[in-house]
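A.B. asks: Sequence:
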Amino acid sequence: MGRSKIISFSFILSILACVINLPALAGDEEMNGTLESILQRLDRLEAENSELRKLLAEQDADKETMGSETATNEVKSGLSLVGFNAAYSFNVLDHAEMTNTKQLYQLKSQADGQLANKLTLGGQITALVNYQSATENSKFGWLMRHPTSANQIGKSASEAVVHSANINMTGRLTEDVIAYLELLYNPEQNFAANSSITGLPRNNANVRKAYILWGNLDKTPWYGALGKMDIPFGWNDTVSPFTNSTNWHSFAGLAYGALLGYSAENLHLRAMAIQGGAQFRNANMPVDGTNVPSRLNNFAVDGNYTFPVGAGLLNVGLSYQHGSSYCQNFVDTPQSAHSTPVVVPGVTRNILPQGVQHFNDCTDNVEAMVAYGVLKYDAGQVFLEYASTLDVWPGTANPYIQEYEASKNKTFTVGGRYALGLGLSKHFDLSLEFSRFNAGAPGSDWEKQDQVVLGASYFLTPAVNLFSEAIHVEGWVPLNFLSGGNPSSLVGTSWSSQSSRNNILNFGLQAGF
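Sequence positions in the sequence shown follow the working numbering and run 348 to 860.
Do not take every clue at face value.
Computed list of lysine-lysine pairs in DSBU-like fashion (alpha-carbon distance at most 35 Å, straight line) [unchecked claim]:
| # | residue 1 | residue 2 |
| --- | --- | --- |
| 1 | Lys575 | Lys795 |
| 2 | Lys401 | Lys556 |
| 3 | Lys502 | Lys757 |
| 4 | Lys455 | Lys556 |
| 5 | Lys566 | Lys757 |
| 6 | Lys401 | Lys575 |
Pairwise CB distance ranges, derived in the manner of DEER restraints [to be verified]:
| # | residue 1 | residue 2 | range |
| --- | --- | --- | --- |
| 7 | Gly768 | Thr482 | 34 to 42 Å |
| 8 | Phe706 | Val656 | 19 to 27 Å |
| 9 | Gln749 | Val639 | 18 to 26 Å |
| 10 | Val656 | Pro700 | 27 to 35 Å |
| 11 | Pro548 | Glu444 | 25 to 33 Å |
| 12 | Lys773 | Gly518 | 30 to 38 Å |
| 13 | Ala526 | Phe706 | 26 to 34 Å |
| 14 | Asp797 | Ala526 | 39 to 47 Å |
No wet-lab data here; the hints were simulated from the structure.
All C-beta atoms in this analysis are idealised placements derived from N, C-alpha and C, irrespective of residue type, glycine included.
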């Protein structure tokens, strides 16, 4: 029952009460007095009723105003508390493109209205079916999974697996501050030792990235981030639909640090202060001769500029990193790590790990630089990237194979991608990419590893990519023990190989949600 009806009903009851209490008629004078009293009482009740109606009307108006203001504020700060954006999730979690520029992508997404909620949730999953062949026993050089005998046995391998899965949470704390958290499940590239892709150490999820991002491109070209993030070094993208370039495997970094960026018109500048010690990927700076990450003594800078070239846009860039991963020496402790079996006199084996082991301590940093150029146009793109350490990597020299001196680590990648119409509702992308990882002196077993990828992909939706690849790899040069020293190996030999050949046929689906 409405409040106006309640007021009217109470008013009627008051009148009835007055009538019921009328005394019996005693005379005209007494009757007139009684009626006058009733009329006066009715006038008072009507006035009170009018005031009550006015008060209730004012309260209703206040509530409507408050509701309108609340709705307006919700629109300004984000329409809802939680939302989903599959295309955003696909791009922010993609391992192949925008590999170290996710912060700028997030700021552009915010400016474009893709992050309209206080919290945007999402994820991605990549599933593969592939066949791999090798010319040498258990030596598979495809780096999209760890190339050791813990993962591939014999001269052929096949799999139907989940390569990786991610969950991302993007929170808009204010108009200028974003909080980002990314969880990763990656059994095929997990660094857990002494475990296969079905072992529990590799079947876990970890926090891959986590940072606070400040910036608003509508207000300022400056932005900053603090936390665990990709290092701004090189381009490191690939035109292949799935397989990362050798440049990425050699130099792409992930570390704790503080990033400052500037993006305006065609110029993009970034600088990152990096935690020293041994970081998660490709950032190693000794701290008092140790690998303990207890000092902010490493850094990287990158600058690139985009300008028109004919019908396309050319982006050229240059990066520098003060401490790369390539700083470890060849470990050699003969008394405790070597043995000479009696059954084979004079043959010495490594019974404990020797040689190069990443994430260990080193005596000095090894600087690195990279130059890259990317030409993009409507139907596709071509690119070239070259990276090198500025000094030799000490671990590329084996003291028991003295004819090969220590060398710099040099890596380059070249490739292109073209979109074909083919009468389909969406473009069919065809790509070709070559990359080389130079790790040793000419003639050494660990001299280089080459990779060629022919790829094809078709986006069923902006967040679902169906792809296939044919990959050829020449050489087998794992980073750990690349110049020798792996357990049970002969001293004076390396398990790396220049005669190794791999062929891979890979099919997959990558989906964001």
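A.B. asks: Compare the structure with each hint and give your call.
C.D. replies: Here is how each hint holds up against the structure:
no.: 1; hint: Lys575 / Lys795; verdict: 31 Å, holds
no.: 2; hint: Lys401 / Lys556; verdict: 59 Å, violated
no.: 3; hint: Lys502 / Lys757; verdict: 29 Å, holds
no.: 4; hint: Lys455 / Lys556; verdict: 19 Å, holds
no.: 5; hint: Lys566 / Lys757; verdict: 41 Å, violated
no.: 6; hint: Lys401 / Lys575; verdict: 60 Å, violated
no.: 7; hint: Gly768 / Thr482: 34 to 42 Å; verdict: 39 Å, holds
no.: 8; hint: Phe706 / Val656: 19 to 27 Å; verdict: 42 Å, violated
no.: 9; hint: Gln749 / Val639: 18 to 26 Å; verdict: 33 Å, violated
no.: 10; hint: Val656 / Pro700: 27 to 35 Å; verdict: 50 Å, violated
no.: 11; hint: Pro548 / Glu444: 25 to 33 Å; verdict: 30 Å, holds
no.: 12; hint: Lys773 / Gly518: 30 to 38 Å; verdict: 32 Å, holds
no.: 13; hint: Ala526 / Phe706: 26 to 34 Å; verdict: 28 Å, holds
no.: 14; hint: Asp797 / Ala526: 39 to 47 Å; verdict: 42 Å, holds
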